[in-house]
Amino acid sequence: MPDSLPADSVGIVAPHTLHVKTPLTLDCGRTLPEFTLIYETYGQLNADKSNAVLICHALSGDHHAAGYHDLDDRKPGWWESAIGPGKAIDTNHFFVVCPNNLGGCKGSTGPTTINPETGQVYGPDFPIVTVNDWVNSQAILADTLGVSQWAAVIGGSLGGMQALQWAISLPNRLRHALIIAAAPKLSAQNIAFNEVARTAIKSDPDFHDGHYAAHNTLPRQGLGLARMLGHITYLSDEAMGQKFGRELRSGAIQYGYGVEFQIESYLRYQSSSFVERFDANTYLLMTKSLDYFDPAKAFNDDLSAAMQPITAKTLVMSFTSDWRFSPLRSLEIVNAMLTAGKQVSYAEIEANQGHDAFLMPIPRYMEIFSTYMQQVAREVNL
Amino acid sequence: MTLRLDLQIISDWIPDGSRVLDLGCGNGTLLNHLQQRGITGYGLEIDNSKFPDCLRAGIQVIQADLDDGLRQFADHSFDYVILSQTLQAIKRPDFLLHEIMRVGQHGIIGFPNFGHWRCRLQLGLGGHMPVSKSLPNAWFETPNIHLCTIKDFEKLCAANRYNVLGRSVVNHAYKDTPAIRLLPNLFGETAVYLIQNIAS
Numbered sequence: 178m179p180d181s182l183p184a185d186s187v188g189i190v191a192p193h194t195l196h197v198k199t200p201l202t203l204d205c206g207r208t209l210p211e212f213t214l215i216y217e218t219y220g221q222l223n224a225d226k227s228n229a230v231l232i233c234h235a236l237s238g239d240h241h242a243a244g245y246h247d248l249d250d251r252k253p254g255w256w257e258s259a260i261g262p263g264k265a266i267d268t269n270h271f272f273v274v275c276p277n278n279l280g281g282c283k284g285s286t287g288p289t290t291i292n293p294e295t296g297q298v299y300g301p302d303f304p305i306v307t308v309n310d311w312v313n314s315q316a317i318l319a320d321t322l323g324v325s326q327w328a329a330v331i332g333g334s335l336g337g338m339q340a341l342q343w344a345i346s347l348p349n350r351l352r353h354a355l356i357i358a359a360a361p362k363l364s365a366q367n368i369a370f371n372e373v374a375r376t377a378i379k380s381d382p383d384f385h386d387g388h389y390a391a392h393n394t395l396p397r398q399g400l401g402l403a404r405m406l407g408h409i410t411y412l413s414d415e416a417m418g419q420k421f422g423r424e425l426r427s428g429a430i431q432y433g434y435g436v437e438f439q440i441e442s443y444l445r446y447q448s449s450s451f452v453e454r455f456d457a458n459t460y461l462l463m464t465k466s467l468d469y470f471d472p473a474k475a476f477n478d479d480l481s482a483a484m485q486p487i488t489a490k491t492l493v494m495s496f497t498s499d500w501r502f503s504p505l506r507s508l509e510i511v512n513a514m515l516t517a518g519k520q521v522s523y524a525e526i527e528a529n530q531g532h533d534a535f536l537m538p539i540p541r542y543m544e545i546f547s548t549y550m551q552q553v554a555r556e557v558n559l
Numbered sequence: 005m006t007l008r009l010d011l012q013i014i015s016d017w018i019p020d021g022s023r024v025l026d027l028g029c030g031n032g033t034l035l036n037h038l039q040q041r042g043i044t045g046y047g048l049e050i051d052n053s054k055f056p057d058c059l060r061a062g063i064q065v066i067q068a069d070l071d072d073g074l075r076q077f078a079d080h081s082f083d084y085v086i087l088s089q090t091l092q093a094i095k096r097p098d099f100l101l102h103e104i105m106r107v108g109q110h111g112i113i114g115f116p117n118f119g120h121w122r123c124r125l126q127l128g129l130g131g132h133m134p135v136s137k138s139l140p141n142a143w144f145e146t147p148n149i150h151l152c153t154i155k156d157f158e159k160l161c162a163a164n165r166y167n168v169l170g171r172s173v174v175n176h177a178y179k180d181t182p183a184i185r186l187l188p189n190l191f192g193e194t195a196v197y198l199i200q201n202i203a204s
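Chains as they are written, first to last, in our numbering: chain A, 178 to 559; chain B, 5 to 204.
In case anyone wonders, no lab produced these hints; they're calculated from the structure.
Keep in mind that a hint or two might mislead.
[As the list claims (entries may be wrong)] Label pairs and their in silico Cβ distance ranges:
#1 Glu372(A) with Ala78(B): 34 to 40 Å
#2 Ile409(A) with Gly62(B): 40 to 46 Å
#3 Gly418(A) with Ile149(B): 33 to 39 Å
#4 Ala78(B) with Glu415(A): 35 to 41 Å
#5 Gln419(A) with Leu190(B): 53 to 59 Å
#6 Gln12(B) with Gly418(A): 50 to 56 Å
#7 His80(B) with Gly188(A): 52 to 58 Å
#8 Gln419(A) with Gly62(B): 36 to 42 Å
#9 Ile409(A) with Ala78(B): 36 to 42 Å
#10 Asp250(A) with Asn141(B): 51 to 57 Å
#11 Gln366(A) with His80(B): 31 to 37 Å
#12 Trp143(B) with Phe438(A): 45 to 51 Å
#13 Asp250(A) with Ala78(B): 48 to 54 Å
[Unchecked claim] A short list of chain A residues far from chain B (calculated; beta carbon distances all over 12 Å):
#14 Arg207
#15 His246
#16 Gly323
#17 Lys420
For each residue, glycine too, the CB sits at the ideal point set by N, CA and C.
Using the sequences and the accompanying hints, generate a full structural model.
Put into structure tokens, the structure is as follows:
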């Protein structure tokens with residue numbers, strides 16, 4: 178708990194609710210008769226509404242991207258390193274909007290909310306939403322805020338895929354796209370990791386085919402395992418080695434199957450805390466959305482053809498030790514944009530933190546990020 | 005801001021509205037200057053510490069290692085591909101030249117002339133690797149691994165059927181002199197070539 182809030186934090190924030198009564202047709206063919214999006218905003222929307230920036234969250238993220246909900250918060254929002262006064266996404270200039278995605282479990286309509294047609298919790302019956310569906314729902318949020326064009330749409334990982342989808346499907350509604358530590362589609366290895374995570378969840382005896390709420394239980398083991406696996410893939414061998422090495426909890430080997438190494442203890446802690454804050458059905462849904470993302474599919478796997486509609490200027494960034502979405506995956510995006518003759522810049526950041534590096538205040542990363550955003554601010558006369 | 009003279013020479017060779025690729029674009033000075041004349045394109049640079057300058061200059065910059073070639077670019081996708089003062093630091097200059105002529109209608113190549121009389125004097129009489137204003141590093145720490153003379157470069161162009169459309173040879177102050185005009189390979193310190201594929 179911070180005694181006082183840091184000066185470069187957006188401070189105490191509270192979520193907003195948008196309830197949309199117009200039906201939303203999803204890529205899967207099903208329709209949500211109505212839906213709710215929970216979102217947070219930081220900074221002030223200017224008079225001509227030209228300074229709005231959309232932040233898209235990653236797999237297990239939510240709308241709480243920066244600041245604190247109250248003074249007892251142990252941690253700030255998930256992208257505190259990048260959002261705030263004087264930071265890369267400078268709230269002195271920009272009006273920052275971060276929604277919890279449809280299908281999420283932090284208040285937006287999803288598996289944990291009530292299906293208005295049945296009066297029951299959606300649970301596993303919640304339709305699978307795609308990255309494209311998210312973009313469409315976020316566009317409705319933009320309409321409500323009066324934002325006809327985002328100064329920038331920004332995201333890392335699955336958030337980067339949303340930024341890319343925005344640039345492709347609603348080109349006139351954003352000036353810039355920042356696509357960080359992302360890929361134009363998952364590789365077989367990526368999908369394999371997701372399938373192991375889903376299998377862990379579904380094979381938990383407390384899962385009950387997703388109807389665990391009705392059974393008043395939670396698939397803790399399965400969701401915890403899924404998180405452990407995910408966590409390993411988000412870090413690099415080097416980062417894990419530096420943080421934990423082969424350090425033993427009690428200083429001596431016990432010749433048993435209990436928790437002996439610090440990394441084991443860390444993973445167990447991470448997984449058990451995740452189980453308390455995240456919903457298993459949402460995890461299944463989000464990993465499926467990741468698997469399905471493939472904007473080139475409709476263009477005979479020609480990614481540069483899919484990029485043709487893009488008018489936004491784009492910054493792509495990757496991290497050297499990211500093996501979940503390696504720099505080569507970001508380069509697929511960059512090269513397709515170059516082939517399509519789009520305005521794109523690309524930086525590969527030296528970092529040993531693996532995929533999670535995109536959340537860290539790495540000086541070179543923040544310097545390039547900040548400079549780019551300052552140019553965005555200049556462009557819209559902020 | 006006035007451009008360094010060799011960059012001014014390059015700039016003068018490129019018509020307004022062209023599409024260019026600047027290899028080893030550094031802090032983006034040349035592209036920034038060209039953009040003011042409606043010339044568009046990308047800078048490629050391996051060192052991202054220069055990116056903030058590039059971004060402030062409003063240019064599109066891609067981090068890339070030129071030793072890997074230009075495979076991200078389609079054939080003939082640029083009017084001009086520029087390689088200024090970098091050829092000598094490339095692992096396979098002949099391969100990169102081939103790549104430049106593949107993706108560009110024209111190539112503009114600038115390099116330090118190893119045939120300059122001071123280099124010849126230091127190596128021929130002094131018996132040591134030359135150190136000069138255009139080649140300031142000692143042999144063990146220099147990034148320059150493939151130095152060539154004006155004669156060597158022209159021979160490579162001829163062998164690959166690259167047509168030399170323009171040549172500018174200057175001294176370290178980027179000025180040309182009567183002596184350079186008479187004997188460029190002996191008196192020139194820096195050479196800039198405008199080349200084109202004979203085939204294209």
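Q: Check each numbered hint from earlier against the structure, then list the numbers of those it violates in ascending order.
A: none
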